[in-house]
Amino acid sequence: MSMIKVQNITKSYGNVEAVKGISFEVGEGEIFGLIGPDGAGKTTIFHILTTLLKPGSGKAKVMGLDVVDDYRKIRSEVGYMPGRFALYRDLSVEENLQFFASVFDTSVDANYELIKPIYSQLEPFKDRLADDLSGGMKQKLALCCALIHKPKVLFLDEPTTGVDAVSRKEFWQMLHRLKEQDITLLVSTPYMDEAEQCDRVALIQDGEILSINTPKAVTKGFKKELWSVKADNKYELIQLLRQYEFSETVQPFGETVHYTDQREKIDAGELESYLKGQGMEHLHVKKAEPTIEDTFMRLMEPEASHE
Amino acid sequence: MSEPMIAAGNLTRKFGDFTAVDHISFEVKKGEIFGFLGANGAGKTTAMRMLTGLLIPTGGEATVAGFDVYSQAEQLKRHIGYMSQRFSLYEDLTVRENIRLYGGIYGLTDEELQSKSNQLLSMLVMEDFQHQRISSLPLGWKQKLAFSVALIHEPQIVFLDEPTGGVDPITRRQFWEQIYKVAEEGTTVFVTTHYMDEAEYCDRVSIMVDGRIDALGPPEGLKERFKAESIEEVFIELARGAERE
Chain A
1 MSMIKVQNIT KSYGNVEAVK GISFEVGEGE IFGLIGPDGA GKTTIFHILT
51 TLLKPGSGKA KVMGLDVVDD YRKIRSEVGY MPGRFALYRD LSVEENLQFF
101 ASVFDTSVDA NYELIKPIYS QLEPFKDRLA DDLSGGMKQK LALCCALIHK
151 PKVLFLDEPT TGVDAVSRKE FWQMLHRLKE QDITLLVSTP YMDEAEQCDR
201 VALIQDGEIL SINTPKAVTK GFKKELWSVK ADNKYELIQL LRQYEFSETV
251 QPFGETVHYT DQREKIDAGE LESYLKGQGM EHLHVKKAEP TIEDTFMRLM
301 EPEASHE
Chain B
1 MSEPMIAAGN LTRKFGDFTA VDHISFEVKK GEIFGFLGAN GAGKTTAMRM
51 LTGLLIPTGG EATVAGFDVY SQAEQLKRHI GYMSQRFSLY EDLTVRENIR
101 LYGGIYGLTD EELQSKSNQL LSMLVMEDFQ HQRISSLPLG WKQKLAFSVA
151 LIHEPQIVFL DEPTGGVDPI TRRQFWEQIY KVAEEGTTVF VTTHYMDEAE
201 YCDRVSIMVD GRIDALGPPE GLKERFKAES IEEVFIELAR GAERE
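Protein chains in written order, with this note's numbering: chain A, 1 to 307; chain B, 1 to 245.
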């Protein structure tokens with residue numbers, strides 16, 4: 001059974017079409033990621049699914065309940081961790097948790113088992129004001145508060161934005177543990193590398209979905225040979241690759257530059273000798289496995305292949 | 001060899017009993033792209049505030065672009081560029097007004113301002129949008145404009161504080177190309193970021209843990225030393241030992 005079902009949802013703010021006819025389904029116990037930059041429409045989708053906004057058109061259901069007709073029921077059932085820190089800064093850690101439990105007509109004790117692995121890390125600071133917590137701890141507390149009524153579906157809007165790599169990693173470990181408890185998770189993130197943490201992802205840009213699949217299958221959609229090129233002077237290397245007569249796409253990629261050619265298959269030697277002839281030193285040319293980011297860029301610019 | 005653009009020796013900042021930055025020493029060369037990494041609370045912001053003349057150290061020494069952080073903080077501020085993702089441009093001013101404001105703050109003459117504004121607008125291909133308010137522009141454009149504005153007085157070094165959060169991968173790369181270009185032209189770029197994959201775009205990176213610099217070197221060298229596949233792994237390995245939360 002699908003826990004979340006979105007059918008052709010749209011939403012406009014004045015003249016701006018934030019969401020342009022999006023559809024997807026999330027199965028029970030699945031971690032589904034909405035991956036895309038700021039302004040892609042991720043938060044609007046969360047607001048519609050958590051019944052904070054009505055869709056312009058289209059239908060959406062959460063746990064079989066309609067987001068417009070059954071909004072009250074949805075609100076009491078789901079868990080939601082908004083993108084902006086939304087706990088009470090002038091309440092302590094423990095008071096925040098008690099508050100959210102009481103809003104949902106339950107108690108901290110009744111559901112302690114579910115949050116215990118996360119909350120135990122916060123317990124030494126339970127009397128501290130929420131405002132005085134570090135970024136990573138705020139995020140853990142927000143997760144506990146969103147879980148305190150044992151929701152079957154949990155919405156997490158950019159939970160890892162602005163936190164460091166260590167906290168991000170720990171946070172994903174917590175989400176995987178929740179999945180084991182059959183909780184369905186919809187997570188959004190602008191970090192492309194987090195796609196791998198999800199069972200399936202939707203890549204989203206400008207209010208539209210570019211691709212929906214497992215992370216592996218999404219990168220399989222990258223049909224071209226991808227080359228990783230490295231040389232001493234990266235800036236010059238980029239310019240030279242762009243000037244090459246068969247050049248299709250050229251993108252800096254960390255220490256290397258990712259390159260695709262207009263031709264179907266190419267020989268690394270040919271590219272190498274062109275670059276050497278132009279004076280590039282310490283040259284390394286090798287085939288690369290496309291990442292989610294490579295695929296995302298390719299999908300963003302379908303015209304790239306017709307340049 | 002030319003003078004280093006940043007030279008810090010045992011630079012320290014205490015707040016009461018708490019040592020936010022604990023004897024850090026490093027140098028950044030002219031034209032280098034230097035990545036400054038650290039976990040939340042590791043002391044990055046405090047270090048950056050000292051290097052930009054906003055906070056007096058409690059110990060050690062540092063010069064930036066040849067200016068002493070204790071005695072020449074005012075000159076230092078005038079000779080560096082600074083951009084942060086959130087606060088660089090005035091949202092309710094137009095593109096052209098923002099350029100004029102920053103040019104004015106950095107002491108450009110009216111003539112210089114005219115020619116600089118036109119040059120900048122044409123370089124960014126934003127002539128048609130010069131009278132639009134910043135709030136109406138896409139995030140990627142704001143970022144490119146903020147970067148150019150931070151360089152309007154042609155500083156020898158520019159500090160970028162978390163510059164690329166939230167933009168799409170193509171825009172992010174266009175931004176890095178802009179960085180490569182100015183570095184190629186001799187400007188030093190000092191950048192802090194949360195994206196560990198972004199660290200790999202830098203010539204060298206330093207990683208702060210509990211107020212100290214625990215690793216420093218080119219991304220490739222650090223990965224070799226820590227037998228890691230990525231800078232993210234190096235970072236996690238180091239930051240795991242952190243005692244501060």
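These are calculated hints, taken from the structure and not from any lab test.
For every residue, glycine included, the Cβ atom is placed at its ideal position computed from N, Cα and C.
Treat each hint with caution, since some may be false.
As the list claims (entries may be wrong) - Capping the alpha-carbon separation at 30 angstroms, the derived lysine-lysine pairs in DSS-like fashion look like this: (1) K142(B) <-> K20(A); (2) K223(A) <-> K150(A); (3) K286(A) <-> K227(B); (4) K287(A) <-> K142(B); (5) K230(A) <-> K181(B); (6) K181(B) <-> K224(A); (7) K287(A) <-> K14(B); (8) K276(A) <-> K223(B); (9) K126(A) <-> K181(B); (10) K287(A) <-> K265(A); (11) K181(B) <-> K220(A); (12) K54(A) <-> K223(B); (13) K30(B) <-> K276(A); (14) K286(A) <-> K223(B); (15) K77(B) <-> K223(B); (16) K265(A) <-> K230(A); (17) K61(A) <-> K5(A); (18) K223(B) <-> K230(A); (19) K126(A) <-> K61(A); (20) K30(B) <-> K223(B); (21) K223(B) <-> K216(A); (22) K224(A) <-> K223(B); (23) K169(A) <-> K29(B); (24) K142(B) <-> K286(A); (25) K276(A) <-> K14(B); (26) K287(A) <-> K224(A); (27) K14(B) <-> K230(A); (28) K20(A) <-> K29(B).
Unchecked claim - Computed list of chain A residues with no C-beta within reach of chain B, every gap over 12 angstroms: (29) M63; (30) G162; (31) E264.
Evaluated hints:
For the hint pairing K142(B) with K20(A), the CA-to-CA distance comes to about 24 angstroms; that is within 30 angstroms, so the pair holds. With a C-alpha separation of about 43 angstroms, the suggested pair K223(A) and K150(A) falls outside the 30 angstroms cut-off, and the hint is violated. Restraint check for K286(A) and K227(B): satisfied, since their Cα atoms lie roughly 21 angstroms apart, inside the 30 angstroms limit. Distance check on the hinted pair: K287(A) and K142(B) sit about 35 angstroms apart at the alpha-carbon level, beyond 30 angstroms; violated.
At most 30 angstroms may separate the alpha-carbon atoms for a hinted pair to count; K230(A) and K181(B) meet this at roughly 17 angstroms. For the hint pairing K181(B) with K224(A), the CA-to-CA distance comes to about 28 angstroms; that is within 30 angstroms, so the pair holds. The suggested pairing of K287(A) with K14(B) is violated, with an alpha-carbon distance near 49 angstroms, which exceeds 30 angstroms. For the suggested pair K276(A) and K223(B), the alpha carbons sit about 27 angstroms apart, so the restraint of at most 30 angstroms is met.
For the proposed pair K126(A) and K181(B), the alpha carbon gap of about 50 angstroms is over 30 angstroms, so the pair is violated. For the hint linking K287(A) to K265(A), the alpha-carbon distance of about 11 angstroms falls within 30 angstroms, and the restraint holds. Restraint check for K181(B) and K220(A): not satisfied, since their Cα atoms lie roughly 33 angstroms apart, outside the 30 angstroms limit. At most 30 angstroms may separate the alpha-carbon atoms for a hinted pair to count; K54(A) and K223(B) exceed this at roughly 49 angstroms.
Taking the CA atoms of K30(B) and K276(A), the gap is about 27 angstroms. The hint holds against a cut of 30 angstroms. Distance hint between K286(A) and K223(B) is fulfilled; the C-alpha atoms sit about 19 angstroms from each other, no more than 30 angstroms. Straight-line distance between C-alpha atoms of K77(B) and K223(B) comes to about 35 angstroms, which puts the hinted pair past the 30 angstroms bound. A distance of roughly 20 angstroms separates the Cα atoms of K265(A) and K230(A); the hinted pair therefore holds under the 30 angstroms criterion.
For a cut-off of 30 angstroms, the pair hint linking K61(A) to K5(A) stands: about 5 angstroms separates their Cα positions. Proximity of K223(B) to K230(A) is assessed by CA-CA distance (about 16 angstroms); at most 30 angstroms being required, the pair is judged to hold. A C-alpha spacing of about 37 angstroms is found between K126(A) and K61(A), which places the hinted pair above 30 angstroms, so the restraint is violated. Our distance criterion of 30 angstroms between C-alpha atoms is met by K30(B) and K223(B), whose separation comes to about 24 angstroms.
About 25 angstroms separates the Cα atoms of K223(B) and K216(A), which keeps this hinted pair within 30 angstroms; it holds. Between K224(A) and K223(B) the CA atoms are separated by roughly 29 angstroms; this keeps the pair inside 30 angstroms, and the hint holds. Of the supplied pair hints, the one linking K169(A) and K29(B) is violated, its CA atoms being roughly 33 angstroms apart against a limit of 30 angstroms. Taking the CA atoms of K142(B) and K286(A), the gap is near 35 angstroms; set against the 30 angstroms cutoff, the hint is violated.
Proposed proximity of K276(A) and K14(B) is contradicted: the alpha carbons are some 52 angstroms apart, above 30 angstroms. As the CA atoms of K287(A) and K224(A) are separated by approximately 11 angstroms, the hinted pair is consistent with the 30 angstroms bound. With a CA separation close to 42 angstroms, the supplied pair K14(B) and K230(A) exceeds the 30 angstroms bound. Simply put, K20(A) and K29(B) have alpha-carbon atoms about 48 angstroms apart, too far for the 30 angstroms limit, and the pair is violated.
For M63(A), the shortest C-beta to C-beta distance to chain B comes to about 31 angstroms, beyond the 12 angstroms cut-off, and the non-interface label holds. At roughly 7 angstroms, the least C-beta separation between G162(A) and chain B is not larger than 12 angstroms, which violates its mark as non-interface. Consistency note on E264(A): stated as away from chain B, and its beta-carbon is indeed over 12 angstroms from all of that chain's, at 24 angstroms minimum.
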